[in-house]
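Now for the letters of each chain:
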Amino acid sequence: MSAHVDSLIDDYVLGLLPAGERRAVEQHAAHCPRCAKLLAQERRQEARLAAAIRGATTAPAGRMEALWPNVAAAVLPRPRFNWWPRWRTALATLATALVILVGAMGTINRFDGWMMATYTPTTASGSASPTASSTPTVLLTQDSVACRPAPPAVCRTPEPLATSYSPQPQPNPSAPPLAGR
Amino acid sequence: MSILVSGRVYTLKDSLDLIERCLHGDEVAYAALYRVYFYDIYRLVYGLLGHREDTEEVVQDSFVYAMRNLARYDPERASFRTWLFTIATSRARNKRRRLWLPTISLGQLLQIGVEPAVPNQTARPPETHAEDSNLQATVRKALCQLSPKLREAAVLRYFEGLTYKEMGQILNIPHKTAESRVRLAHKVLREKLEVED
Numbered sequence: 001m002s003a004h005v006d007s008l009i010d011d012y013v014l015g016l017l018p019a020g021e022r023r024a025v026e027q028h029a030a031h032c033p034r035c036a037k038l039l040a041q042e043r044r045q046e047a048r049l050a051a052a053i054r055g056a057t058t059a060p061a062g063r064m065e066a067l068w069p070n071v072a073a074a075v076l077p078r079p080r081f082n083w084w085p086r087w088r089t090a091l092a093t094l095a096t097a098l099v100i101l102v103g104a105m106g107t108i109n110r111f112d113g114w115m116m117a118t119y120t121p122t123t124a125s126g127s128a129s130p131t132a133s134s135t136p137t138v139l140l141t142q143d144s145v146a147c148r149p150a151p152p153a154v155c156r157t158p159e160p161l162a163t164s165y166s167p168q169p170q171p172n173p174s175a176p177p178l179a180g181r
Numbered sequence: 001m002s003i004l005v006s007g008r009v010y011t012l013k014d015s016l017d018l019i020e021r022c023l024h025g026d027e028v029a030y031a032a033l034y035r036v037y038f039y040d041i042y043r044l045v046y047g048l049l050g051h052r053e054d055t056e057e058v059v060q061d062s063f064v065y066a067m068r069n070l071a072r073y074d075p076e077r078a079s080f081r082t083w084l085f086t087i088a089t090s091r092a093r094n095k096r097r098r099l100w101l102p103t104i105s106l107g108q109l110l111q112i113g114v115e116p117a118v119p120n121q122t123a124r125p126p127e128t129h130a131e132d133s134n135l136q137a138t139v140r141k142a143l144c145q146l147s148p149k150l151r152e153a154a155v156l157r158y159f160e161g162l163t164y165k166e167m168g169q170i171l172n173i174p175h176k177t178a179e180s181r182v183r184l185a186h187k188v189l190r191e192k193l194e195v196e197d
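If you're matching them up, the sequences are chains A and B in order. Numbering (the working numbering) for the first sequence: 1 to 181. Numbering (the working numbering) for the second sequence: 1 to 197.
Since the hints were derived computationally from the structure, they do not count as laboratory data. Heads up, a few of these hints could be off.
Unchecked claim - Cross-link-like lysine-lysine pairs, in silico, BS3-like; alpha carbons within 27 Å at most: (1) LYS192(B) with LYS176(B); (2) LYS187(B) with LYS149(B); (3) LYS37(A) with LYS165(B); (4) LYS95(B) with LYS141(B); (5) LYS187(B) with LYS165(B); (6) LYS37(A) with LYS149(B).
What the hints assert, rightly or not - Here are a few chain B residues that sit away from chain A, every Cβ distance over 10 Å (derived from the structure): (7) GLN60; (8) ALA154; (9) LEU189.
Claimed, not checked - Incomplete in silico selection of chain B near chain A, CB under 10 Å: (10) LEU16; (11) ARG77; (12) PHE80; (13) GLU179; (14) SER180; (15) VAL182.
These numbers come from a predicted model, not from an experiment. All C-beta atoms in this analysis are idealised placements derived from N, C-alpha and C, irrespective of residue type, glycine included.
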């Protein structure tokens, strides 16, 4: 019978022995009641310790379900709402833009009409003698200048263009001189 | 671990399928992924912090980060569980650091040549629960007395199917270091439990 294997039993139980030494321990314990008893005792203690550690660290009932919502909220992709597809968004944007444009145009037209209706030249009055100038002075405020409708364009009838080109006759050097001049 | 979501049973093996569906915005897949891994993550974080309120905060934060960054997960580098554990462990460490900070007084830090007193490893005392067995209460107390590194090793050790290589990935240490930490944590835990017994 080989020597006792006391010093290897701890490592055997912990799975730390290489395959060769592991087999040697098993073969020795098969023929040595003393070492077999030690080995069985060590295995029981190891199993007891493992069970106690597992039991002491097990999650209480219900904790898995209780914690999942927090994890899910942080991890799961946010739901996408398909009830408002993109083409509807585009259409709504277009309609809004159109309403704003029409409204803006109406406002401008009304403002122009109001300006035309309320525009009247104002005669300057005050210390200046009406005889100082023979023509009335039109006082234009900055606003009225800015908003004054443009004066009617003076249309001048363009002069008719010559329909045919008739250049002045040029003397021809190669022509024979006129006799008698 | 299998979970029933919307009439279908999901297991850890379905993770890649669930991740793919999550990336396409499938809300059921998000819920299934959460349910499949919730208890593992909770146990890990609670084992590391020892306080329910802090644990729930870190668990939620870990899931939110992982689910927002699913596209970064590379199945060829690690299993999804390992990736998730790495995120949760890192956040639990950050939480623990924030809890430690107020426990070191400025006076302690300014004493030249004097090592600052080691702050209490858990700013909050270990919780006790009415439903705990004596052994569970003892284990909880023993876990909280371990140093953070040993506690991480001990807690990860008792997740079935987690190899030392995976532990090394999660803790960002060589797997040999993970092995030695587990060995030490196991020894300390046994001593504490024997004393308590």
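### Task
Decide if the proposed pair is consistent with the structure: LYS37(A) and LYS149(B), CA atoms, cutoff 27 Å inclusive.
32 Å, violated
### Task
Quickly compare the C-alpha distance for LYS187(B) and LYS149(B) to 27 Å and report which way the hint goes.
Given pair LYS187(B), LYS149(B) holds - Cα atoms ~14 Å apart, limit 27 Å.
### Message
Take the shortest C-beta to C-beta distance between SER180(B) and chain A; is it under 10 Å?
### Response
OK, holds: SER180(B) within 10 Å of chain A, min 9 Å.
### Query
Going by Cβ atoms only, is ARG77(B) closer than 10 Å to chain A?
22 Å, violated
### Nearest-CB test (10 Å) between chain A and ALA154(B)
Violated, since 7 Å does not exceed 10 Å.
### Query
With d taken as the least Cβ-Cβ distance between GLN60(B) and chain A, does d exceed 10 Å?
Its Cβ does come within 10 Å of chain A, the nearest being 5 Å, so this is violated.
### Message
Tell me if the straight-line CA distance from LYS37(A) to LYS165(B) falls inside 27 Å.
### Response
30 Å, violated
### Message
Take the shortest C-beta to C-beta distance between VAL182(B) and chain A; is it under 10 Å?
### Response
6 Å, holds
### Query
Against chain A, with CB atoms and a cut of 10 Å, does the hint on LEU16(B) hold up?
This interface hint is violated because 18 Å lies over the 10 Å limit.
### Query
Keeping to a limit of 27 Å between CA atoms, is the pair of LYS192(B) and LYS176(B) held or broken?
Holds: LYS192(B) and LYS176(B) sit about 24 Å apart, inside 27 Å.
### Message
Does GLU179(B) hold up as a contact with chain A if the rule is Cβ-Cβ below 10 Å?
### Response
Hint holds; GLU179(B) Cβ to chain A Cβ min 5 Å, cut 10 Å.
### Query
Can the hint on PHE80(B) be confirmed by a CB-to-CB distance to chain A that is less than 10 Å?
Cβ of PHE80(B) sits 16 Å from chain A, so the hint is violated.
Taken one by one, the earlier hints fail for this structure at numbers 3, 6, 7, 8, 9, 10, 11, 12, listed in ascending order.
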